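> Guided by the hints, dock chain B onto chain W, whose structure is given.
Which chain is which? The protein sequence lines are W and B, in order.
Per numbering that gives the first Met the number 0, residue 0 is the first one in the first sequence, and the count goes up by one each step.
Per numbering that gives the first Met the number 0, residue 0 is the first one in the second sequence, and the count goes up by one each step.
Don't take every hint at face value.
[Said to hold, decoys possible] Straight line, CA to CA, 25 Å or less: simulated SDA-like cross-link-like pairs of lysine to any residue:
| hint | chain 1 | residue 1 | chain 2 | residue 2 |
| --- | --- | --- | --- | --- |
| 1 | W | Lys56 | B | Phe99 |
| 2 | W | Lys56 | B | Ser164 |
| 3 | W | Lys56 | B | Leu64 |
| 4 | W | Lys56 | B | Lys119 |
| 5 | B | Lys119 | W | Pro33 |
| 6 | B | Lys119 | B | Ala160 |
| 7 | W | Lys99 | B | Tyr148 |
| 8 | W | Lys56 | B | Asn127 |
| 9 | W | Lys56 | B | Leu25 |
| 10 | W | Lys56 | B | Val166 |
| 11 | W | Lys56 | B | Arg67 |
| 12 | W | Lys56 | B | Val57 |
| 13 | W | Lys99 | B | Asn127 |
| 14 | W | Lys56 | B | Leu168 |
| 15 | W | Lys56 | W | Gly2 |
| 16 | W | Lys56 | B | Ile167 |
| 17 | W | Lys99 | B | Glu58 |
| 18 | W | Lys99 | B | Asp149 |
| 19 | W | Lys56 | B | Glu58 |
| 20 | W | Lys56 | B | Leu66 |
| 21 | W | Lys99 | B | Val120 |
Please keep in mind that the hints were generated in silico from the structure rather than gathered at the bench.
The structure presented is a predicted model; accordingly, all values stated were derived computationally and were not measured.
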Amino acid sequence: MKGMSLIVRTITRLLAGFILVYGAHIVLYGHLTPGGGFAGGVMLACGFILLVLSFGKEGALEIVSENAASAWDCIGALLFLFIALLGFTGRYFFFNFMGKGTQFDLISAGTPMWSNIAIGIKVWACLFLVFLMLAVFRMRDEG
Amino acid sequence: MEFLLYLLLVFMIAGSIIAIETRDLLSSVICVGAVGLGLAIIFLLLGAPDLAIVQVVVEVLSLVLLLRVVVMREDVTIAHRYRYGEVFATAVALLFFGVFIMLAAVAYKQMPAFGDPLLKVSQNYIENGLDRVGAPNLVTAVLLDFRAYDTLGEATVIFTAIIGSLVILRKRGRIRHEGNEPHS
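For reference, chain B alone in the conformation it holds in the complex:
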């Protein structure tokens, strides 16, 4: 179990690095999909089928969207050479990465053990959730009864984002009127 988790983690890290470094957009998109599916398997192994279902479905949807939208547009392959400023920026980034890893290692020792959450209220949900809500799926009971405010906020965020982008990308605004020409 532990070994399988580490194997999947290595697979996901490798996929992420390949997705960033490869030149081909199609390979990059497929690597992102592979990373997401690895995360779904990890959720399944850790006993969170709700999360695994959401992860798989959202991953498939985003993969289809990226393939249909990104790869169809043929603006790829930017020639790339390392210049002096970029080398400096990379060195600074690596330095801060090292500092972050050191501080994270210090902080990691303070954290509670894996699978032993600090939040003791979750034990109360597990013990009394079925009696108080009546829903056998405790995830739904927490999402839509105990913590329904959070779900409302999340729904509002999605709603606002979609309506906003619909307003920006809508059909009517894309017709060019006189005096509305793009700057040359």
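Extracted from the complex, chain W is given alone in its bound form:
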């Protein structure tokens, strides 16, 4: 799959960083403001899909290859499960074992923030893989 024209590539170079930063913000502040792991993860995936569409397959796959995206998918899912299992250090599965901290601080409320990060990684890798499977793999066959 080839990239698109110079205009699209220049605009993408300007915008992709903002989209990725906004997605990361939605993930990190998911426990304070509307949003969360799923929405932020989809935004991150959208940023990467924009990169693939404008720069072509090779340019974007240098940043995250198919195998790396698959690995990040597994890492996110296992991280979420690990956070859930760490609750046994307190009392039960999914126990909020961390301190609550000061309300409205970034690092507060214990596990929900870290679960959000894990879900964000997972959803980002998942949806990026969906795009790769449906668009790029098929284009490879058709030349």
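This is chain B only, laid out in the frame that chain W set:
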């Protein structure tokens, strides 16, 4: 507010009908996107910004995927004539649709009023959520603390679906080996 909601609902129903009935795949995909964005505006009007964000972003992503994957493949426009069996099937479908609407109207009278949920535990979450979890966003507090099991199940479903389709669509399985030719 009520009027705007009904307007959006009519818009979404019209978009769905056009998406089914139109012959052009591109118009159909764009109509599906319009329906999703209408749903996002409804979520926003009803005071659910979390849902609205997710709806908008997922809608954009699925629109891009459908445009890139579906429309690029040029197998469209199947000639279509109504045959006898299809007319019978449509009549039966309409009959069951009518029965469903009647039963739904009966059931609808039994339901609690709009914005007055039957589940009284939600009031407890709203009152004590901030103190017990410490997260100001109550949606996150419910999703990742009170009801974290459900979120784990949801994450497992997505994970399994993606890994399964990755196995089926992967590169290595798509190379044709000897003795692996498709049936002619």
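> Does the structure keep W:Lys99 and B:Val120 at a Cα separation of 25 Å or less?
Roughly 23 Å separates the two Cα atoms, so the pair holds.
> Checking one constraint from the list: CA of W:Lys56 to CA of B:Arg67, max 25 Å. Satisfied?
holds, 14 Å
> W:Lys56 and B:Lys119: Cα distance at most 25 Å?
Roughly 51 Å separates the two Cα atoms, so the pair is violated.
> Is the Cα-Cα distance between W:Lys56 and B:Leu25 25 Å or less?
Distance ~24 Å between W:Lys56 and B:Leu25 Cα, so the pair holds.
> Do the alpha carbons of W:Lys99 and B:Asp149 lie within 25 Å of each other, as the hint requires?
holds, 22 Å
> Starting from W:Lys56, check that the Cα of B:Val57 is at most 25 Å away, please.
holds, 22 Å
> Are the Cα atoms of W:Lys99 and B:Tyr148 separated by 25 Å or less?
Distance of about 20 Å is within 25 Å: holds.
> Please verify whether B:Lys119 and W:Pro33 have alpha carbons no more than 25 Å apart.
holds, 23 Å
> Has the given pair, W:Lys56 with B:Val166, been kept, meaning a C-alpha gap of at most 25 Å?
With a Cα-Cα distance of about 20 Å, the restraint between W:Lys56 and B:Val166 holds, given a limit of 25 Å.
> Please verify whether W:Lys56 and B:Ser164 have alpha carbons no more than 25 Å apart.
holds, 20 Å
> Given the hinted pair W:Lys99 and B:Asn127, is their alpha-carbon gap at most 25 Å?
holds, 14 Å
> For a C-alpha distance cap of 25 Å, please report whether W:Lys56 and B:Asn127 respect it.
violated, 49 Å
In terms of the numbered hints stated before, the structure departs from hints 1, 4, 6, 8, 17, listed from lowest to highest.
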